[in-house]
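Here the protein sequences come in this chain order: A and B. Taking my numbering, the leading residue of the first sequence gets 1, the next gets one more, and so forth. Taking my numbering, the leading residue of the second sequence gets 1, the next gets one more, and so forth.
Don't take every hint at face value.
[Said to hold, decoys possible] Cut-off 25 Å, straight-line C-alpha distance, at most; resulting in silico cross-link-like pairs (SDA-like, lysine to any residue): (1) B:LYS127 x A:THR99; (2) B:LYS148 x A:ARG109; (3) B:LYS127 x A:ARG109; (4) A:LYS2 x B:GLU138; (5) B:LYS148 x A:LYS83; (6) A:LYS34 x B:SER221; (7) A:LYS2 x B:HIS21; (8) A:LYS2 x B:ALA52; (9) A:LYS34 x B:ARG166; (10) B:LYS127 x A:LYS32; (11) A:LYS83 x B:PHE220; (12) A:LYS34 x B:GLU137; (13) A:LYS34 x B:THR102; (14) B:LYS6 x B:LYS127; (15) B:LYS142 x A:GLU79; (16) A:LYS2 x B:VAL23; (17) B:LYS142 x B:THR198; (18) B:LYS127 x A:MET9; (19) A:LYS2 x B:ALA83; (20) A:LYS34 x B:GLY189; (21) A:LYS32 x B:ALA83; (22) A:LYS2 x B:LYS6; (23) A:LYS2 x B:ALA199; (24) A:LYS2 x B:THR198; (25) B:LYS148 x A:LEU36; (26) B:LYS144 x A:MET1; (27) B:LYS142 x A:TYR107; (28) B:LYS45 x B:PRO4; (29) B:LYS148 x A:ARG45; (30) A:LYS32 x B:LYS9; (31) B:LYS148 x B:VAL23.
The set of hints was computed from the structure by calculation and includes no laboratory data. Just so we're clear, the structure is a prediction, and the values are computed from it rather than from any experiment.
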Amino acid sequence: MKERFAARMVRIHFGEDDRWQGKPLHEAILAKCKELGIAEAIVFRGIEGYGSGSRIRRSGHWTLSKDAPIQLSIIDTEEQIEKLLPFLDAAVEEGLVATSAVEAVRYTREDAPHDPKP
Amino acid sequence: MLNPGKAVKVIIYLSEGATHHGVPVYSSILDFLFYRGVAGATVMKGIAGFGADHHMHSAHTVEISDHLPLKIEFIESREKVDALLGKLEELAGSGLIEMQETTVAKPAQVSKPAKAPAPAHLKIQGKAQMMRIFLSEEDRWKDKPLYKALVEAMRANDIAGVTVYRGILGYGAHRRMHKDHALHSAHQGSVMLSAIDTAEKLRAFLPMVDQMVEEGLVVFSDVDIIKYAYRALDPAEEAASAAPPSASEPRSLP
Chain A
1 MKERFAARMV RIHFGEDDRW QGKPLHEAIL AKCKELGIAE AIVFRGIEGY GSGSRIRRSG
61 HWTLSKDAPI QLSIIDTEEQ IEKLLPFLDA AVEEGLVATS AVEAVRYTRE DAPHDPKP
Chain B
1 MLNPGKAVKV IIYLSEGATH HGVPVYSSIL DFLFYRGVAG ATVMKGIAGF GADHHMHSAH
61 TVEISDHLPL KIEFIESREK VDALLGKLEE LAGSGLIEMQ ETTVAKPAQV SKPAKAPAPA
121 HLKIQGKAQM MRIFLSEEDR WKDKPLYKAL VEAMRANDIA GVTVYRGILG YGAHRRMHKD
181 HALHSAHQGS VMLSAIDTAE KLRAFLPMVD QMVEEGLVVF SDVDIIKYAY RALDPAEEAA
241 SAAPPSASEP RSLP
């Protein structure tokens, strides 16, 4: 089955060592996405990078960190993403959240149970 | 899709043992014809023959039996054949390519609408689109991983570039929900393909995605290309240039 819908993509950048309530931050965000029934979420580990998630920041310089960069891509409808944003505000202490409007096409097998959106 | 009337029959003569980048030539040619939406193609195996080198090859001589003649035939419109010929010549290597004027009396029936032909490739600058495809690493298409087949299909359709990313964690449309829970099951095999080209070319490629992806999510977004180097079919030019379109979305050709 094929369905097209207007969607929003959120990309969150932070470090692999970042934690939320004792859990790695990326796992915590993924768990929250599942709880909200968000359509698609995937975590990537970068090879190298720097940014607000690298945490080490000295005298106005961004510095390379040993802590691997993590990028999470999350996709769903505008309303679903709105539900996730308050959690991100609380959980992402240092990091970058970028969102963009996208057009999505979802393919599902006829026989497979799938989530109720959009 | 073929219409009744004038058409061209193309016959490519190969040796069975010939390879292109380690893959049998007939199979790369067949893949190429398939991905480019050719109406149909057949590979035939000869039992004996000889070619330009004037060596007699037959099924009886065990030691050279992998040099038996192969023939690939397909029928297409003149325009389509002209568009494919350059790449076919490259793929066929030392093989002979023959073309015959022919007449289609009755085209084969197709149940699905034919895909729109991909527009000719252009050097692009400025506005473009990014297509991301989210899949499971375990998804397969025919005899190969789906993400690999998609990369091959994109190359055959001259999509400017594609990169496959393996996620360390994820879930999504491509994951069946866990039977006992309302939650998706997390797994280790999420994959994302990221391709950048003009909106028209990506749209023209979408019917191929429809055909190949059973479960997954495809996302389109507008992007600005800052620097762009196209991979030309000419190997000399190819070596001279290879640059990612932007620093934030690095990519490379596989």
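Going down the list of hints, with the structure as the test:
| no. | hint | in the structure |
| --- | --- | --- |
| 1 | B:LYS127 x A:THR99 | holds (19 Å) |
| 2 | B:LYS148 x A:ARG109 | holds (20 Å) |
| 3 | B:LYS127 x A:ARG109 | violated (34 Å) |
| 4 | A:LYS2 x B:GLU138 | holds (20 Å) |
| 5 | B:LYS148 x A:LYS83 | violated (35 Å) |
| 6 | A:LYS34 x B:SER221 | holds (24 Å) |
| 7 | A:LYS2 x B:HIS21 | violated (36 Å) |
| 8 | A:LYS2 x B:ALA52 | violated (50 Å) |
| 9 | A:LYS34 x B:ARG166 | holds (20 Å) |
| 10 | B:LYS127 x A:LYS32 | violated (35 Å) |
| 11 | A:LYS83 x B:PHE220 | holds (22 Å) |
| 12 | A:LYS34 x B:GLU137 | holds (20 Å) |
| 13 | A:LYS34 x B:THR102 | violated (58 Å) |
| 14 | B:LYS6 x B:LYS127 | violated (39 Å) |
| 15 | B:LYS142 x A:GLU79 | violated (37 Å) |
| 16 | A:LYS2 x B:VAL23 | violated (34 Å) |
| 17 | B:LYS142 x B:THR198 | violated (28 Å) |
| 18 | B:LYS127 x A:MET9 | holds (19 Å) |
| 19 | A:LYS2 x B:ALA83 | violated (31 Å) |
| 20 | A:LYS34 x B:GLY189 | holds (17 Å) |
| 21 | A:LYS32 x B:ALA83 | violated (50 Å) |
| 22 | A:LYS2 x B:LYS6 | violated (36 Å) |
| 23 | A:LYS2 x B:ALA199 | holds (20 Å) |
| 24 | A:LYS2 x B:THR198 | holds (23 Å) |
| 25 | B:LYS148 x A:LEU36 | violated (32 Å) |
| 26 | B:LYS144 x A:MET1 | holds (22 Å) |
| 27 | B:LYS142 x A:TYR107 | holds (18 Å) |
| 28 | B:LYS45 x B:PRO4 | violated (28 Å) |
| 29 | B:LYS148 x A:ARG45 | holds (21 Å) |
| 30 | A:LYS32 x B:LYS9 | violated (58 Å) |
| 31 | B:LYS148 x B:VAL23 | holds (14 Å) |
Taken one by one, the earlier hints fail for this structure at numbers 3, 5, 7, 8, 10, 13, 14, 15, 16, 17, 19, 21, 22, 25, 28 and 30, listed in ascending order.
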